[in-house]
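What follows is each chain in one-letter form.
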Amino acid sequence: MWAVSVLAFVIIQLPPGDYITTYIAQMSGSGSFVSAQEAEALRQQYGLDQPLYVQYLRWMAMILQGNFGMALEYSRPVAEVIGDRLWLTMVVSVAAIVFTWLVALPIGIYSAVRQYSLGDYIATFVGFIGLAVPSFMLALILMYLGFTLFNANIGGLFSDELAEAPWGLAKLWDLTKHLPLPALILGLAGTAQLIRIMRANLLDELGKPYVVTARARGLPESRVILKYPVRVALNPFASTIGYLLPYVVSGSIIVSLVLSLPTVGPLLLKALIAQDMFLAGTIVLLLGVMTVIGTFLSDLLLLWIDPRIRFEGKQ
Amino acid sequence: MGGLGVGSSVRLLDVKGLRKFFPIRKGFLKREVGQVRAVDDVSFHVEKGETLSLVGESGCGKTTTARCILRAITPTSGQTLFRGQDGSVVDVASLPKSQLRPLRRQMQMIFQDPFSSLNPRRTLFDIVAEPLVANEVGTRQERVDRVAELLRLVGLRPEYMRRYPHAFSGGQRQRIGIARALALNPSLIVADEPVSALDVSVQAQILNLMLRLQAQLDLTYLFVAHDLSVVKHVSDRVAVMYVGKIVEMAETQRLFTAPRHPYTEALLSAVPKPDPRLRAHRIVLEGEVADAANPPSGCYFHPRCRYAVDACRQETPRLEEIEPGHFVSCHRARELTLRGVGQ
Amino acid sequence: MWWRFRKHRVAMVSTVVVFLFYLVVICADFLAYSTPLASEAQRSLLPPQPIHWFDGGRLRPHVYGLAGRRDPVTFKRVYTPDPEKKILVRFFARGFEYHLFGLIPTNRHFIGVEGAPAEETLFVLGTDEQGRDVWSRLMYGTQTSLTIGLVGVALSLILGVLLGGISGLYGGVMDTIIQRVIEILRSIPTIPLWMGLAAALPNEWTTMQIYFAITLIISLVGWTELARVVRGRFLSLREEDFVMAAELAGCGQMRIIFTHLVPSFLSHIIAATTLAIPAMIISETSLSFLGLGLRPPAISWGVLLQQAQNVQALAISPWLLIPSIPVIIVILAFNFMGDGLRDAADPYGH
Amino acid sequence: MVDPVTDSRAAPILSVRDLKTHFFQDEGTVRAVDGASFDVPRRKTLGIVGESGCGKSVTARSILRIVERPGRIVGGSILLRRDAGNGRAGEVDLAGLDPAGYEMRQIRGGDIGLIFQEPMTSFSPVHTVGNQIIETIQLHQNVSVEAARLKATEMLHLVGIPKPERRLDEYAFQLSGGLRQRAMIAMALSCGPRILIADEPTTALDVTTQAQILDLLRHLQDREGMTIILITHNLGVVAEMCDEVVVMYLGRVVEQGPVDAIFHAPKHPYTQALLRSIPSIHATVRTELPTIAGSIPHPYNRPSGCPFHPRCPDFMPGTCDRSEPSLRPVEDGPGVSCFLYHPA
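One line per chain: the protein sequences are A, B, C and D, in this order. In terms of this note's numbering, the first sequence opens at residue 1 and continues consecutively. In terms of this note's numbering, the second sequence opens at residue 316 and continues consecutively. In terms of this note's numbering, the third sequence opens at residue 659 and continues consecutively. In terms of this note's numbering, the fourth sequence opens at residue 1009 and continues consecutively.
You can trust all of the hints, since none of them are fake.
In silico DSS-like links for lysine-lysine, alpha-carbon gap of 27 angstroms or less:
#, chain 1, residue 1, chain 2, residue 2
1, D, K1052, D, K1159
2, A, K227, D, K1159
3, D, K1028, A, K208
4, D, K1171, D, K1159
Since the hints were derived computationally from the structure, they do not count as laboratory data.
All chains, please: the whole structure from these sequences, using the hints.
In structure tokens form, the structure reads like this:
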């Protein structure tokens, strides 16, 4: 966690110059002139003149108090700028993960049980495509198809008329309608990967004696498969949640840009280019924290579903 | 430790107070929470030209002992005095790693698993010649000749030299392993369960080969095994291990016919005899082998021993020579009459 | 390993595809017929001109000339092919000067039109907004994108094998430190990490500098996977009996590493490397697509696709999406090839 | 087809006739079981012995119809004779049943129980021991969870597991090897099968634990009156446990007979050589063993004629390598598949 915060800070500090430089450039671009004194005053105001470690400590101290600083470009508190977008990022990511699981699990099981069947080959091939097509490209292609075939703009999370509307049932329903497509685009690569993991895990497990034993006890085949090897194969599967979350979240940045989804992605890109350090730093930090949480969750899940880990050391 | 009473014999290997403890690490910080006493104060010696077998059930420390002697792993404490071919005696256990190399030529190992012990990517020649190459022995042609000679010695055709191990059966692979072990004319061969992974009919072939080579090349074997029938076929003397300690050691015949330790008795009785007319009443031990990380008090065997008395629960017995050449670690060794197996 | 790989038909086909793509990389200048930067506002967003192979029953490849006029309603230029105006396409035609393989100066190109006026020229895949020829740019983009993958993987490989090897071989404190570093690097979402690093590149850097900086950045994450593979193989191989046998035979540490350990996991490394290349290509493409990677005037697939970023542009000129086809094909081919290699590398696999 | 051992006792509980189970692989067909015939006498222990690759385990799996792809039964019959006690009296040919069908599933676990060599991996690592035993009981008997649990506890107690109520809720990896194998036996016997197939039940265990498990099996047989098919490569275990022995070599039964006859008057050259070549605890110290020449042929290139002929000391050229001998009775009892006893 600590390492993540340092790294986030380092990353946002890496760009040469700071926001003020950009600001000055913008100002001169629009014809006004910012004097050196003014720039210095601005730097002082935001503490940008301090040595790096002081800046870092001040930043951390602020965050610990729940203050994420000001988004310089927007002249609004970071928390406010990020607010809704973060929430929507989560919604989109979770939707993508749910999609991934719903699709990957059954297909993975089918592929393993009917190894080398036509369905297995199709699943494997689709999986490969899913892996090979970068999500932003998939988004582009789908957008294009949507536009030419249905003459519909499939981007965004809300219909135009509801985008600025306050939250309500209608807007929620609107969101639900718009959600499947980004979820599909974001989830496809992960789905492909999970199908392969599930298939490989399950194939390993299918030959184990306990499966034969279960069969020898007279269990129906569906129960033999679903109760035993699938259950065991789920364990390594669960540990993938940890990296699935950050994977999806970071994937959402590019996809959001293409589909113009109101998530933190485009915001981060703009902030990075404008060197808005509080905003970018907060976003990177939050993403890092999400990763850590994801890893932690998958560890917990693993602990819950795998008694071997639960009882380790208790003997 | 007393001598064996056989005056003219030469001690090739003398192991004194060998110990190997493995730390048990647990949790996030890998803290050491205990120790597995895999080998706990083991002393024995091997004479030149003989076969000493270490027998015991899984986890008794016999393999660890063998690997400590070869310095494949470094023992926690103790001495393993080895008499080199030039007559000098060195302590292998305390030798710095850099000085082990000349010694390695004199002690070699035969492995249990004929599959994982041969590198699948190298030819028979590469495998068998490896010790020669590593020790810079001979020219290339001399190595080829030597490998051919070795292959013939173990009953393989020299023409197979260019093949890879996957073309061979388990028994043939074990022969390759033996050829590799013999490449540098070692005096001591440590054989770790050399036949337990093989089929019955092949076991006999390998055992015969080992006996023949011993006579032919004046080899000394330290034979590690769990199968008492196999042990009886190859050894001069047998040491029985239980939870990291030697509980009994004697000449093979004496140990099998007149064991003095209750564990040896139970072990012998538990071996299924391939003769339906001998379905004797077996001694079935209760319970499980003690945990080497948390052994019981006193004699480690007492919870399963049907002769146990109070002393066994409190005092740890020492390995004593109760008759010439017969060492037993049991408080009641002198008073009990135990059942062995007949001829 | 080779014969097992050959049994894998898809992987073999993929290998051929990959090979062909790298042939394009080597011969990009030859295959292109106009300099990638030649722009002409007059010819912006021309649609692709399909090559007609036969003319009156004879093999006479030609394209139709395009007649442009401005739509009175939308004020956009609309081009219609004019079947009457046949522009002959020649093989090994003369064009701009270049050095073949960087050595042989020549001006011959695979195809081209010779000596035609400016408006009668060839745009097999159309042009972009600035009127640059998409086909020629695609050739150069292929060159950049595919070499960036290779260079990136080479860097990752060096880092990964070195650090993974140290980690697996020596263990102890070094292992712990390297493992922690890997964990931290992996726990950071990659795209923000790249974005942060890429945004840090100074604007005034030259194309070459940025090229290498981007390769460095994308290999920064790539090496962790390779290091893990190397370390894992080292650890599992160290447990094999044949390694102990070699040690007992008196082999030195170096001999054990190079005659026993390395050959045993070399195939795994090759497979892992093959699988890492497509990831690198995707990374570069994504970053450039975002405008954080290579920047014009450099040309890569990502840069090319950047023009296809908005739907309106796409709807009018869908050929801008064409560069995504080679991306998908190459990545698929690499994946199949890597998969085949991985299957073939595992001596104990079914 | 001549019946091998059929003495005056009641009809054998299980008769395998000319069973052929082949594995169809890319590289060729492995004829793992190739015309095996034998009878399993009621309430006795039948030992099936042979070296690796002789098809003994595949035979066991064929009986239960759990041979995995690419293996398939391609011929022969497996007749199970159930008695009235189970309410489903009569003869049924297992080879003719649908392996995934209801009837076959009722037979598995219900009529025939199976225990394996690897007690560790024979239990699911993520389900408790009790979960799996109770599941089996409920599958075959129409009882409540509570009743099934009670029965499971009883079974664990029967096989000598201390504190059975507690062990029921533990996982297999929490038990020691010996206890695990006991739990495995309890699970296999939980629905009162008439036949127990034990596939190398003690191979993974130490000798002292092996003695415990063999003792337990004998005790349970006396008590429940069941039939045991004991598959092992260990001739010592066979001698100690079995009433009747089947010796297999390369997918065929080379000899069947009462244990005493097999060990003291073996007829087939393979049986004779095998018995001579095993290291014995009763042997004189440091003696060479008679060996069988050569090694077991690779499954892809089986010798023609009698599969043992290339290694046989009594090989008769022109006969043994031309045609395959069949299993026929010799003198008063044992069936032997060898041209020495019944010339072609």
